[in-house]
Amino acid sequence: MKTLVWVEHDGQAVKDATLSAVTAASQLGEVHLLVVGQGVDGVAAEAAKIAGVGKVHVADDAAFAHALAENVAPLIVELMATHDAFVAPSTTHGKNIAPRVAALLDVMQISDILSVESEDTFTRPIYAGNAIATVQSSDAKKVITVRGTAFAKAATEGGSGAIEAVASTGGDKGLSTFAGAEIAKNERPELTSAKIIVSGGRALASSDQFHALIDPLADKLGAGVGASRAAVDAGYAPNDYQVGQTGKIVAPEVYVAIGISGAIQHLAGMKDSKVIVAINKDEDAPIFQVADIGLVGDLFKIVPELTEKL
Amino acid sequence: MKVLVPVKRVLDYNVKPRVKADGTGVDLANVKMSMNPFDEIAVEEAIRLKDKGVTEIVVVSIGEQKSQETLRTALAMGADRAILVVSETKVEPLGVAKILAKIVEEEKPDMVILGKQAIDDDNNQTGQMLAGLLNWGQGTFASKVEIADGSVNVTREVDGGAETDTLKLPAIITTDLRLNEPRYASLPNIMKAKSKPMAQKTPADFGVDVTPRLTTLKVVEPAKRSAGIKVADVDALVGKLKEMGVAK
Ligand SMILES: Cc1cc2nc3c(=O)[nH]c(=O)nc-3n(C[C@H](O)[C@H](O)[C@H](O)COP(=O)(O)OP(=O)(O)OC[C@H]3O[C@@H](n4cnc5c(N)ncnc54)[C@H](O)[C@@H]3O)c2cc1C
Ligand SMILES: Nc1ncnc2c1ncn2[C@@H]1O[C@H](COP(=O)(O)O)[C@@H](O)[C@H]1O
Numbered sequence: 000m001k002t003l004v005w006v007e008h009d010g011q012a013v014k015d016a017t018l019s020a021v022t023a024a025s026q027l028g029e030v031h032l033l034v035v036g037q038g039v040d041g042v043a044a045e046a047a048k049i050a051g052v053g054k055v056h057v058a059d060d061a062a063f064a065h066a067l068a069e070n071v072a073p074l075i076v077e078l079m080a081t082h083d084a085f086v087a088p089s090t091t092h093g094k095n096i097a098p099r100v101a102a103l104l105d106v107m108q109i110s111d112i113l114s115v116e117s118e119d120t121f122t123r124p125i126y127a128g129n130a131i132a133t134v135q136s137s138d139a140k141k142v143i144t145v146r147g148t149a150f151a152k153a154a155t156e157g158g159s160g161a162i163e164a165v166a167s168t169g170g171d172k173g174l175s176t177f178a179g180a181e182i183a184k185n186e187r188p189e190l191t192s193a194k195i196i197v198s199g200g201r202a203l204a205s206s207d208q209f210h211a212l213i214d215p216l217a218d219k220l221g222a223g224v225g226a227s228r229a230a231v232d233a234g235y236a237p238n239d240y241q242v243g244q245t246g247k248i249v250a251p252e253v254y255v256a257i258g259i260s261g262a263i264q265h266l267a268g269m270k271d272s273k274v275i276v277a278i279n280k281d282e283d284a285p286i287f288q289v290a291d292i293g294l295v296g297d298l299f300k301i302v303p304e305l306t307e308k309l
Numbered sequence: 000m001k002v003l004v005p006v007k008r009v010l011d012y013n014v015k016p017r018v019k020a021d022g023t024g025v026d027l028a029n030v031k032m033s034m035n036p037f038d039e040i041a042v043e044e045a046i047r048l049k050d051k052g053v054t055e056i057v058v059v060s061i062g063e064q065k066s067q068e069t070l071r072t073a074l075a076m077g078a079d080r081a082i083l084v085v086s087e088t089k090v091e092p093l094g095v096a097k098i099l100a101k102i103v104e105e106e107k108p109d110m111v112i113l114g115k116q117a118i119d120d121d122n123n124q125t126g127q128m129l130a131g132l133l134n135w136g137q138g139t140f141a142s143k144v145e146i147a148d149g150s151v152n153v154t155r156e157v158d159g160g161a162e163t164d165t166l167k168l169p170a171i172i173t174t175d176l177r178l179n180e181p182r183y184a185s186l187p188n189i190m191k192a193k194s195k196p197m198a199q200k201t202p203a204d205f206g207v208d209v210t211p212r213l214t215t216l217k218v219v220e221p222a223k224r225s226a227g228i229k230v231a232d233v234d235a236l237v238g239k240l241k242e243m244g245v246a247k
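Protein chains in written order, with numbering that gives the first Met the number 0: chain W, 0 to 309; chain S, 0 to 247.
Bear in mind the hints are in silico, worked out from the structure with no lab data behind them. Treat each hint with caution, since some may be false.
As a list, the in silico DSS-like pairs of lysine-lysine whose alpha-carbon atoms are at most 27 angstroms apart [unchecked claim]:
#1 K167/S - K172/W
#2 K273/W - K241/S
#3 K172/W - K143/S
#4 K19/S - K51/S
#5 K194/W - K223/S
#6 K229/S - K194/W
#7 K308/W - K241/S
Modelling step: build the complete structure from the supplied sequences, incorporating the hints.
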């Protein structure tokens, strides 16, 4: 099988989620990459070095500057004439683009795969990860999104893919325009690749307390910071901190849940972490059913003491 | 302005899903079913847009007869009429999108607002597929929707923050959790909803082949995590963290 992997990047560098998608794609056969954007020579050069990559198709056009699905999907559909599978990481951009491609190819997408069982058979989570389905696709071409935490990252060195410009980009379809973005500047490790994550829940009770308690502990541990939906909704933490079914799916070495009850939608995002530590004043909180190490007590006492003693 | 809102009947989000012992799926016998939470948000958003130029809200569900209940809930919230496309077998997002595309041809809405994802199969596809089939713009994972002249501004939740796109109308929107807080239907409105129109169709009426493309070979429970230990105090926790090499 010849697979086309959509490369997620920020205009400067390849994003980590791409590397897991490459690993999944390599289990299907030959891996080609697609770098779409504006002024992406640097990204293409970096992508070509990813281990195991064949060709790198590059589509450089102002219409692609913001990865708008309306403009990118038709381009992918054209390239799919010579590929057997399209693979994208399950990031917000990947999830935005891939189903549009699938519909245009008349293919049922296989979302968020956890494993490749064979060329046409995959496992994927359903019901917020409370069940794992093995599904077989009868479509001639496959369209797949890949859960990053389920696949190792491909090596960023060692490859020597041939870079090739796409002949015609198709340009702007005139359906949508990018009006702006507010991307939070975050000095901390990105959640989806952090080795340690410290997450806070509703119990933190205010934005000030969230930052006063969670941030110093995360600093001590060199950790990324996450949050429950309740904490995000209440404005204690920004949107992109949210871990769970509808937020980020994370699987760090250590996940520290502080004042988080452990609703199934939250567990869906973090229960594959290697070690889960929970701090909660309610000894019956569901989070303790998945925690490797639990400490029952008041977080307002425990967290400062913990930060100090580390 | 007309808005179409597709709503799906799913296992209630408070119910813990149980995998059937024979590995064929999740047990849905005698469990509480509700409207997909993201679809409630979609219905709510359509209703809120009624002050801003929306004149009619049509809700659609594709599924078993019991999906009538889900449609009645949407009508009780404030939708005007409903279309049930009956299929006792599961219709995949691609089939759903094709049926919705046909309904769009007939109804000519200015916007279709869907949930971003149905919490049973967690596919997160239907809205994007429909947008592709119709060649419309798509504002997925919306946290804010503002209708302008001939267009709609959609603020979307993306990795790392938020992005705003302007879409030419007609357009597709899919909802994220923070778009709004859905209302509860009041008793009088639940009564009123009983007399609102509900049309019944089948996929065949639209000439859509809904044969599944994916076969589920088996469904299993994920590896269980067992509860670990509880430590007595912070010193014990620090000790454990050091043991694991997390702290020095
Ligand atoms: C469709 C859908 C999708 C969702 N997606 C997500 C998602 O992606 N991520 C997510 O997180 N949620 C999600 N949710 C919400 C989820 O159901 C829960 O409401 C949410 O996770 C609760 O957050 P919480 O644990 O912070 O708050 P709560 O459930 O209120 O828990 C607070 C906890 O803090 C403890 N506590 C209180 N005070 C103290 C103290 N002083 N010291 C120590 N402990 C204390 C309490 O004992 C309690 O266990 C979703 C819901 C729906 C319907
Ligand atoms: N059978 C269905 N009937 C009506 N709407 C549906 C159906 N399936 C999916 N949808 C809509 O599409 C959205 C995304 O679903 P999915 O792509 O299955 O995750 C849902 O939130 C609904 O708005």
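Here's how the hints hold up against the structure:
This hinted pair checks out: K167/S and K172/W have alpha carbons roughly 11 angstroms apart, not beyond 27 angstroms. Straight-line distance between C-alpha atoms of K273/W and K241/S comes to about 16 angstroms, which keeps the hinted pair within the 27 angstroms bound. Between K172/W and K143/S the CA atoms are separated by roughly 24 angstroms; this keeps the pair inside 27 angstroms, and the hint holds. Simply put, K19/S and K51/S have alpha-carbon atoms about 47 angstroms apart, too far for the 27 angstroms limit, and the pair is violated.
With a C-alpha separation of about 22 angstroms, the suggested pair K194/W and K223/S falls inside the 27 angstroms cut-off, and the hint holds. Between K229/S and K194/W the alpha-carbon distance is near 23 angstroms, which keeps this suggested pair within the 27 angstroms criterion. Distance hint between K308/W and K241/S is fulfilled; the C-alpha atoms sit about 11 angstroms from each other, no more than 27 angstroms.
When each numbered hint is compared with the structure, a violation occurs for hint 4 only.
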